[in-house]
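Quick note on numbering: the sequence shown equals residues 879 to 971 in the numbering used here.
Careful, some of the hints might be misleading.
As the list claims (entries may be wrong) - Pairwise CB distance ranges, derived in the manner of DEER restraints:
1. 925 with 903: 21 to 27 angstroms
2. 964 with 932: 36 to 42 angstroms
3. 930 with 909: 52 to 58 angstroms
4. 919 with 885: 35 to 41 angstroms
5. 883 with 903: 26 to 32 angstroms
6. 913 with 961: 57 to 63 angstroms
7. 950 with 886: 50 to 56 angstroms
8. 950 with 887: 49 to 55 angstroms
9. 922 with 891: 15 to 21 angstroms
10. 938 with 904: 24 to 30 angstroms
To be clear, the hints were calculated from the coordinates, so they are not data collected in a lab.
Just so it is clear, CB atoms sit at the ideal spot from N, CA and C, and this is done for glycine as well.
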Amino acid sequence: MTNILWQMEYGAEKKAKKLAYKELKQIARREGKPPPPNPYPSAIKEIQAEEKKYVRDRFHNPKVLEIVNKMKEDRQMFLQDRAAASGGSGEGQ
């Protein structure tokens, strides 16, 4: 029972914060100012913003691309070796 009550209180608090921020944005628009930054941003979006540069590096950094190409070559050689090994042992049956 206390869990439900806590969730209701948390939900009401969160809703009040969102409403307050919405009103701040409207006031800023009326005054012709840029809206204030969101004081209650999503935690997921914050994490994604921090990781964004690393994701971009994955596709554009030459060192990372070199490592990726090396890993692809190693995997391809591994698969070829495995195919050759299984193909050679299965012929006698």
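Do the hints match the structure? See the list:
Look at residue 925 against residue 903: about 24 angstroms separates their beta carbons, and that is inside 21 to 27 angstroms. A hinted range of 36 to 42 angstroms holds for the C-beta pair residue 964 and residue 932, which are about 38 angstroms apart. Separation of residue 930 from residue 909 is about 32 angstroms and departs from the stated range, judged on CB atoms against 52 to 58 angstroms. With their beta carbons about 21 angstroms apart, residue 919 and residue 885 fall outside the hinted range of 35 to 41 angstroms.
A beta carbon spacing of about 31 angstroms between residue 883 and residue 903 agrees with the range 26 to 32 angstroms that was offered as a hint. Look at residue 913 against residue 961: about 59 angstroms separates their beta carbons, and that is inside 57 to 63 angstroms. The supplied range of 50 to 56 angstroms is met by residue 950 and residue 886, whose beta-carbon atoms lie about 53 angstroms from each other. Taking 49 to 55 angstroms as the suggested C-beta distance range, the pair residue 950 and residue 887 conforms, at roughly 53 angstroms.
Remark: the range hint 15 to 21 angstroms for residue 922 to residue 891 is upheld by a beta-carbon distance near 19 angstroms. Distance hint check for residue 938 and residue 904: the Cβ-Cβ separation is about 40 angstroms, which falls outside the suggested range of 24 to 30 angstroms.
Violated hints for the displayed structure, listed by number in ascending order: 3, 4, 10.
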